[in-house]
Structures are given as C-alpha cells and as structure tokens.
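A.B. asks: Given only the sequences and the hints, what does the whole structure look like? Please build it.
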Amino acid sequence: MKTVYRSKFGWELFLPIAGVLMALSVLISLQDNAWPGLAIVLLSFGFILHLFLNTHYTIENNQLTIVCGFIYRKQLDIAAITGISASNNILSSPATSLDRLEIVWGKHQKVLVSPKNKTEFLSHLQSINLSIIYNK
Numbered sequence: 009m010k011t012v013y014r015s016k017f018g019w020e021l022f023l024p025i026a027g028v029l030m031a032l033s034v035l036i037s038l039q040d041n042a043w044p045g046l047a048i049v050l051l052s053f054g055f056i057l058h059l060f061l062n063t064h065y066t067i068e069n070n071q072l073t074i075v076c077g078f079i080y081r082k083q084l085d086i087a088a089i090t091g092i093s094a095s096n097n098i099l100s101s102p103a104t105s106l107d108r109l110e111i112v113w114g115k116h117q118k119v120l121v122s123p124k125n126k127t128e129f130l131s132h133l134q135s136i137n138l139s140i141i142y143n144k
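Read in our numbering, the sequence shown has 135 at position 127, and its numbers run on one by one without any break.
Don't take each hint at face value.
Stated by the list, open to error - With a Cα cut of at most 25 Å, we get these calculated DSS-like pairs of lysine-lysine:
id, residue 1, residue 2
1, K82, K124
2, K115, K144
3, K16, K82
4, K144, K118
5, K124, K16
6, K126, K10
7, K144, K124
8, K115, K82
9, K126, K16
10, K144, K16
11, K118, K10
12, K82, K118
13, K82, K126
14, K118, K16
15, K144, K126
16, K10, K124
17, K82, K10
No lab work stands behind these hints: they were computed from the structure.
C.D. replies: As structure tokens, then:
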C-alpha cells in the first residue's frame, strides 16, 4: 500500500525568503528597464513555492521515497534505517519546515525530513522496521 506524507509548510522558512524576494522586487522596480530583473525575481519565487508545495515522503513496498520538487529524489530501503531523531537543524534538506526528523541509515548517511504528521510517519516506518530507534 502506498502512503504519501506531505511536508509541513514552514512559515518560518517561507516568509523570510518571500520577504527578501519582495524587497528585491521593490529595489529592482525603482530602476530603469526593470522587467528583466522582476522576471528573475518572479521566477525565483515560483521555484521556491514549487519546492514548498511539492515536497513529500512516500512509503510503499518497504521503500521510503523522499521528493523535493524536481531537484531531489531519494529512495531508501526502510530496513536500512537505524535511527530517527527530532531535529531543528537548519541545513539545506528536503524539508520545508524547521520541525524536522533526522533519518540515519548505513554508516554515516543522514537526511532531514519534515512530515506534517510526524507521529504517524514515524509509527509507519517503525511498523515496517521494528529496530528503528527514535530519539526525541
């Protein structure tokens, strides 16, 4: 069975980015021939919005697929996951909120995710791999 977990929409990440882009658009609009600059800002905003709206985590057939827009896609065997811990790490990751989970597998491989329903997501992973250790 396929279950899709949407990423939590983190206003704490989105609003500063949107604010910077709005400030840039105001500064650019004060210049002569502002259209190319405004087009770049608008395309940048669309790209960021696309990432925020198209980040999700799918569990199907003992596989976790992590997708962040069209720039990141990772398939992970759930049996290989050794631990999950709560995180507020600000590193770039396929997570659109700072309310994150750090998934660890292999020797030193990690990824940060931010499922909207962390408890259900974690329970689903642990139901597939009983040896996953969760550290709050």
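A.B. asks: Against this structure, judge whether each hint is valid.
C.D. replies: Hint-by-hint comparison with the structure:
1. The suggested pairing of K82 with K124 holds, with an alpha-carbon distance near 19 Å, which does not exceed 25 Å.
2. A distance of roughly 21 Å separates the Cα atoms of K115 and K144; the hinted pair therefore holds under the 25 Å criterion.
3. A threshold of 25 Å between alpha carbons decides the hint, and for K16 with K82 the separation of about 18 Å falls inside it, so the pair holds.
4. As the CA atoms of K144 and K118 are separated by approximately 16 Å, the hinted pair is consistent with the 25 Å bound.
5. Restraint check for K124 and K16: satisfied, since their Cα atoms lie roughly 4 Å apart, inside the 25 Å limit.
6. A hinted pair counts as satisfied when its Cα atoms are at most 25 Å apart, and K126 with K10 qualifies at roughly 17 Å.
7. A C-alpha spacing of about 17 Å is found between K144 and K124, which places the hinted pair at or below 25 Å, so the restraint holds.
8. For the given pair, K115 sits about 17 Å from K82 by alpha-carbon distance, which is consistent with the 25 Å threshold.
9. Under the criterion of a C-alpha separation no larger than 25 Å, the hint pairing K126 with K16 is consistent with the structure, at around 9 Å.
10. For a cut-off of 25 Å, the pair hint linking K144 to K16 stands: about 18 Å separates their Cα positions.
11. With a C-alpha separation of about 23 Å, the suggested pair K118 and K10 falls inside the 25 Å cut-off, and the hint holds.
12. For the suggested pair K82 and K118, the alpha carbons sit about 11 Å apart, so the restraint of at most 25 Å is met.
13. At roughly 19 Å between alpha-carbon atoms, K82 and K126 fall within 25 Å of each other, so this suggested pair holds.
14. Between K118 and K16, the direct Cα distance comes to roughly 19 Å. Compliance with the 25 Å bound is thereby established for this hinted pair.
15. A C-alpha spacing of about 12 Å is found between K144 and K126, which places the hinted pair at or below 25 Å, so the restraint holds.
16. With a C-alpha separation of about 17 Å, the suggested pair K10 and K124 falls inside the 25 Å cut-off, and the hint holds.
17. With a C-alpha separation of about 16 Å, the suggested pairing of K82 with K10 holds against the 25 Å cut-off.
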